[in-house]
Amino acid sequence: MNEKKIIELKNVAKSYDGEMILDHISLDVHEKEFVTFLGPSGCGKTTTLRIIAGFVTPDTGDVVFDGTRINDIPAYKRHVNTVFQKYALFPHLNVYENIAFALRLNKVSEEEIFERVEEMLAMVNLRGFEKRDVNLLSGGQQQRVAIARALINKPKVLLLDEPLGALDLKLRKDMQNELKNIQRKTGITFIYVTHDQEEALSMSDTVVVMADGKIQQIGTPTDIYNEPQNAFVADFIGESNIIDGIMLDDYKVRFSGHEFECLDKGFDKNERVDVVVRPEDVDVTKPGQGMLDGVVTSVTFKGVHYEIIVNINNFKWMIQSTDYVEPNQNIGIYIEPDAIHIMKRSEYSGKFGDYSSFSDELEKLSDASEEEE
Amino acid sequence: MNKKSLMQKAAAAPHMVWSVLFIIAPLIFVVYYAFTDKEGNPTLGNITELAQASYLEVFIRSVCFAFLATVICLIIAYPIAYFMSKAKPRTQKILIMLVMLPQWLNFLIRTYSWMALLEDTGIINTILGYMNIGPLHMINTSGAVILGMVYNYLPYMIIPLHSVISKIDPRVLEAASDLGCSPLRVLVRVVIPLSVSGIVSGVTMVFVPSISTFYISQKLGGGNFDLIGDTIERQFQTAYNYNLGAAMSFVLMLIIVISMAVMNRYSGEDDGGVIV
Amino acid sequence: MKKKVFGNIYTVLIFLFLYMPIAVLILYSFNGLNSTSEFEGFSLKWYRELFSDSATLNALKNTLILAILSAIISTVIGTMASYGINKMQNKHVKSATMSVTKIPMVNPDIVVGISMMLLFVFVGGIIGAKSNLGFGTVLIAHITFNLPYVILSVLPKFKQMDKSLPEAAQDLGCTPIQSFLKVELPAILPGVISGLIMAFTLSLDDFVISYFTIGSGFETLPIRIYSMTKKRVTPDMYALSTLIFVSILILLLVSNLTSDKNREKMSKKAKKITKIVVSAIFAVIVIITAIVLIVTASTETLTLNVYNWGEYISDGGEDTLDVNKAFTEYYEDWYYKEYGKKIKVQLNYTTYASNEDMYAKLKSGATGYDIVIPSDYMIERLKKEGLIQPLDLNKIPNYENIMEEFRNPFYDNGEEKYTVMYTYGVIGIVYNKDRLNQEDLEKIENGEAGWELLWDEDYKGQILQFNNPRDAMGTAMYSLGINVNTATDEEWQIAFEKLREQKPLVQSYVMDEIFNKMEGGEAALAAYYAGDCMTMSAANPSLGFYYPKNADGKISTNIFADAMCIPTAAENTELAHAYINFMLSEEPAVANAEYLYYASPNKLVVNNEGYRESLGEDYDVIYDSDLEGSLEYMFENYAYRNLPDEKLHLLNSLWETLKVDSAAFGGGIYIVCAVIAAVLIAFAIYAYIIKRKRRKLYWTPKAKEQSIQKS
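Chains as they are written, first to last, in the numbering used here: chain H, 114 to 486; chain U, 288 to 563; chain S, 3 to 713.
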């Protein structure tokens, strides 16, 4: 990234009622970057976003925008605009007036307003919707209005707070592409908050994984996926088998009662580590021909592949394979050295039990319970 | 199925019969009495009698008083409804309770209590007397009548305003300030336009009882100037002139229907917002 | 932070405003004195008084019965209606029903009240009902205005309810009725309960609609408060209000606290509490209804409805005899001795402020009254219109106590007797010594003062005038020397002009309100009935009174007699006769005379030593007040007579003109109003223009196309 820094968070902390929401995080966002804050609900990602927008004042730390500290500048004076969760359109204004809202505040001539609104409408494919009542639009259309409204002032940074959360799957995919296109076209920095790892990986330049008010890892989507820094990231991003292991030596790890070759080094001798193996990296072999043997406990057809759960030494592995195996069948598994990823143990070690996959549905349930509170 | 739908129809039947007998029929009688004389002969005499200058002034005065009371209520109630909606939910609940609590005491006795406060030898003047001010003449003035209206109907303005304002999505307000609105502009450009429905119902709930009151004007106004309610009440309770009273009621209903229609007309369609 | 402080201060100020009158009310409920202008010592006296004030407690009971009955009935009808309306297929029928339903909500109370009154009076007239207005009519009225509130709180619950819910229940084996009871009812119950509570409170608080539809013999608390506020509210009413206020405050606090606690933990308990509360409410309702039924069924109740002037009977206040209570006890006793049967006498005592009010009430068909006590000229009119009936003097043996000279008054000098005189008196002028100037005080002392003081510019805004046409016109006519009974149209017009001239000087047009205003020192001068003037000066030593004289130095004022009559439509003439007879016996007659300061035609009173003693000097003023000539002469020349119809009509229309005339009214308020309206209109126009301008570019497709092409 050669672009200059547009937003810097320096040691920012925030707590509510004695509960630490943000635990001294530091972060740089560069110009024209598409940054995503990814994490489960309550991880502090939305709070971070609201601190940047100016709706929340941090307890300690600095928020720097374009080289100046903006902690004390109110939201309405910041050159940052937000696309809100559930859009927050002005229900008393029609589509045109919603988009024109920011311009109206600045005594822009009617002609210019008209031109710029039309331009925005064209960008979000809503031409001809000017007179519509925003309350009668579909979710996707409301989303587009919200984006157009936030972009009309040509902000340096656009903040998006789970903007696609309320859309159905198909629409969400379309909107992802559209957002990415808009970002490329306008060259505006996007800071995007989501709990959907797939969304994060497919859209972002940089992903910031957060949990418990801390940044767990910052990196490109491939880094995050392939080189998770701890069990949390491994668990949260994609599906994984996280196993306790012992680093015997450089390039040598022992887990599940077997010694494996790997590509990692630099650990202490006999250090306890977390071993991550992605399910698609495990090959199924005949019993005895692989490195480990186990009994298949269930097989589920997933379209592209079968999802096979194998019990190996009382640890349930998840394996994705295009070959069908029978339940209760004995099989062997084979793992390439480059499929084994070793991580330092962390507070998250051992938390995820057997094979784990972060569940969106659970996430939504916890969201709902949060709202109730 | 047939039996079921019959049952459904039967369920609403008592109410419908009741409505015809005790809502529609009485209104027909108002019209009937308004357009007949004492012997029951059709006449326009009652209405033309109301066209006299003195009656016209009663109407204008009532509309003025009610209008002022409504405007004052709105000006007082809006900030308080706004502040209330900003409080914690628990505090809000208690505040609403406190706003409604006085309404549980009969309004006659509360208004009467105001007399004791406002009289020349009343409590306020006594207190002012200790401070060597006054006495201020307050009772039996038009100001006292408007005060009485504001006092009695203020809660009916606060409650609908509060319920609308507190329902405004806080994210919409954040969106406005995000787009560059200062707090004042958020209020003017978003909060007020979004509370129009509350304003309309509050205005209705204050204007209608204010324009038709007779007790407040009798007690706090000393009976020196009639409001519509006073004139109507006198026709029924003292002067025994039902026809004139009915004609006045008929005109009163017309005034209310017209003012409501005008208000709904100008608050109904709104997409331009308010300008500042 | 600053904003928050401002907000808090503002909120506190508004709440001060809202609670100030209530604080006053609570404060005065602990007042040792019966006054709103003075506070002396902390006392619980009025709380004790409250529990012996049977009329107030009776009104409270009536109010509760009315509220409970109307709430239950309107809830049942309203819930059924909501069910039906929700199921309605035809949109037009549905919306029409809803609009009609909402009428009592949007219509002003007064219109709802008078419209129902007109219906009842008209229908009552057609079917020849003896009594058009009564408990039934007020109940109907309350149900009518409760209905929309019930429907609007129940209907949404039906709408929210999952449509397949009853189907699911029936699928699982419920009969339609079971499914309603077990599935639908619990789903709508919160709406039903809130509708019930709302109906109950609305009915509890209603004054205006009751005021127009209520009949004789049934007084609700608001109506009682209304007639009280006409003269003065006794502090026991403050005590009652304080009790109501405190109990509601506690109730609300409790409900607030219980509902606010942690819901998940409390939900079971809360449900239990709600259940208990609901069943308690129902239990109370059932018990009250049962008690009412039992009481009415077990002992026979005789009802007597007495309609009298305000403050016109010895009512048991301040160690006097409660005449009405004494009568009920006496009659119950007597009945038991005579027939060996226990009965209960229910005496409903309501008051009016002027003859005209009473006449309008009788005319409206609220004719359940058994006793009315109007004045002479009104008696002539009632007699002429057949509204009162001849008395059976055999049933009034105490009639012999009436002195000979009062047995044949001009208004009742025929063979048959319609009336028994209650009191007689003269109209005098009551004045406040502190507010009159020395010159005028001397004039009064020298007996030279006449009516002119009531027209004296010096006392602008301090003069009170009668709030009834006959007496007000009378003041003008006596002062002008016009004969009050034979005046020509021109003379009436002249008297009217005189009153109109006086209007800017008048502080207020009053009847019973005069007690409070004069005793409180609010006004300087007023013409009023002499007995009441003396009552006032007894209460406030700064007050004095005199009989106005004309230019010749002769007393020139009205003399009047009030007499007990039985209306034609009375329901219990037997009891009414007994009441009249009782009033003529020594103890109550003396008690009344002592309390009222009016002259009594009863020889037992006049000759009563204790009475003479207690009045002292006042006795001479009342009975031998330097009047011109004999009583007969006075009645002959100075009493009001019933006027011929065309004169009555003239009088009423002149009075109406005077009342709506607004000479005394400053116009500043119109200017303020006009300015605000102008600003609003200007703003609306401005907003409209801006909106048009903004829309011009994108609203019409044509403009849009053009601009797209341009760009």
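Mixed in with the good hints there might be a few duds.
With a Cα cut of at most 30 Å, we get these calculated DSSO-like pairs of lysine-lysine [said to hold, decoys possible]:
no., chain 1, residue 1, chain 2, residue 2
1, S, Lys339, S, Lys327
2, S, Lys104, H, Lys199
3, S, Lys6, H, Lys244
4, H, Lys220, S, Lys695
5, S, Lys6, U, Lys380
6, S, Lys327, U, Lys375
7, H, Lys199, S, Lys161
8, H, Lys244, S, Lys693
9, U, Lys454, H, Lys199
10, S, Lys327, S, Lys63
11, U, Lys375, S, Lys695
Beta-carbon label-pair distances, calculated as ranges [to be verified]:
no., chain 1, residue 1, chain 2, residue 2, range
12, U, Ala297, S, Leu167, 58 to 68 Å
13, U, Leu308, S, Ala686, 33 to 43 Å
14, S, Val7, U, Leu308, 52 to 62 Å
15, S, Tyr690, H, Asn219, 22 to 32 Å
16, S, Gly43, U, Leu308, 16 to 26 Å
17, S, Ser249, U, Tyr417, 26 to 36 Å
18, S, Ser97, U, Val549, 13 to 23 Å
19, H, Asn238, U, Ala297, 36 to 46 Å
20, H, Gly278, S, Ala686, 33 to 43 Å
21, H, Asn294, S, Trp701, 52 to 62 Å
22, U, Gln339, S, Leu59, 38 to 48 Å
Which chain S residues stay away from chain U? Per the calculated CB distances, all over 12 Å, these [stated by the list, open to error]:
no., residue
23, Lys89
24, Ser166
25, Glu493
Just so you know, these hints were derived from the structure itself, not from any lab. C-beta: ideal position from N, C-alpha, C; glycine also.
Outcome of the hint check:
1. Lys339/S / Lys327/S: Status holds; Cα separation ~18 Å.
2. Lys104/S / Lys199/H: violated, 36 Å
3. Lys6/S / Lys244/H: violated, 39 Å
4. Lys220/H / Lys695/S: holds, 14 Å
5. Lys6/S / Lys380/U: holds, 19 Å
6. Lys327/S / Lys375/U: violated, 55 Å
7. Lys199/H / Lys161/S: holds, 26 Å
8. Lys244/H / Lys693/S: holds, 13 Å
9. Lys454/U / Lys199/H: This hinted pair holds, its Cα atoms lying about 16 Å apart.
10. Lys327/S / Lys63/S: The hint holds at about 18 Å.
11. Lys375/U / Lys695/S: This hinted pair is violated, its Cα atoms lying about 42 Å apart.
12. Ala297/U / Leu167/S: 58 to 68 Å: 21 Å Cβ-Cβ, so the 58 to 68 Å window is violated.
13. Leu308/U / Ala686/S: 33 to 43 Å: holds, 42 Å
14. Val7/S / Leu308/U: 52 to 62 Å: holds, 57 Å
15. Tyr690/S / Asn219/H: 22 to 32 Å: holds, 23 Å
16. Gly43/S / Leu308/U: 16 to 26 Å: violated, 55 Å
17. Ser249/S / Tyr417/U: 26 to 36 Å: The hinted range 26 to 36 Å holds for Ser249/S and Tyr417/U, with Cβ atoms some 35 Å apart.
18. Ser97/S / Val549/U: 13 to 23 Å: Since Ser97/S and Val549/U have Cβ atoms about 22 Å apart, the given range 13 to 23 Å holds.
19. Asn238/H / Ala297/U: 36 to 46 Å: Distance hint for Asn238/H, Ala297/U is violated at roughly 54 Å.
20. Gly278/H / Ala686/S: 33 to 43 Å: Since the Cβ atoms of Gly278/H and Ala686/S sit about 41 Å apart, the hinted range of 33 to 43 Å holds.
21. Asn294/H / Trp701/S: 52 to 62 Å: Distance hint for Asn294/H, Trp701/S is violated at roughly 30 Å.
22. Gln339/U / Leu59/S: 38 to 48 Å: holds, 47 Å
23. Lys89: violated, 4 Å
24. Ser166: holds, 15 Å
25. Glu493: holds, 22 Å
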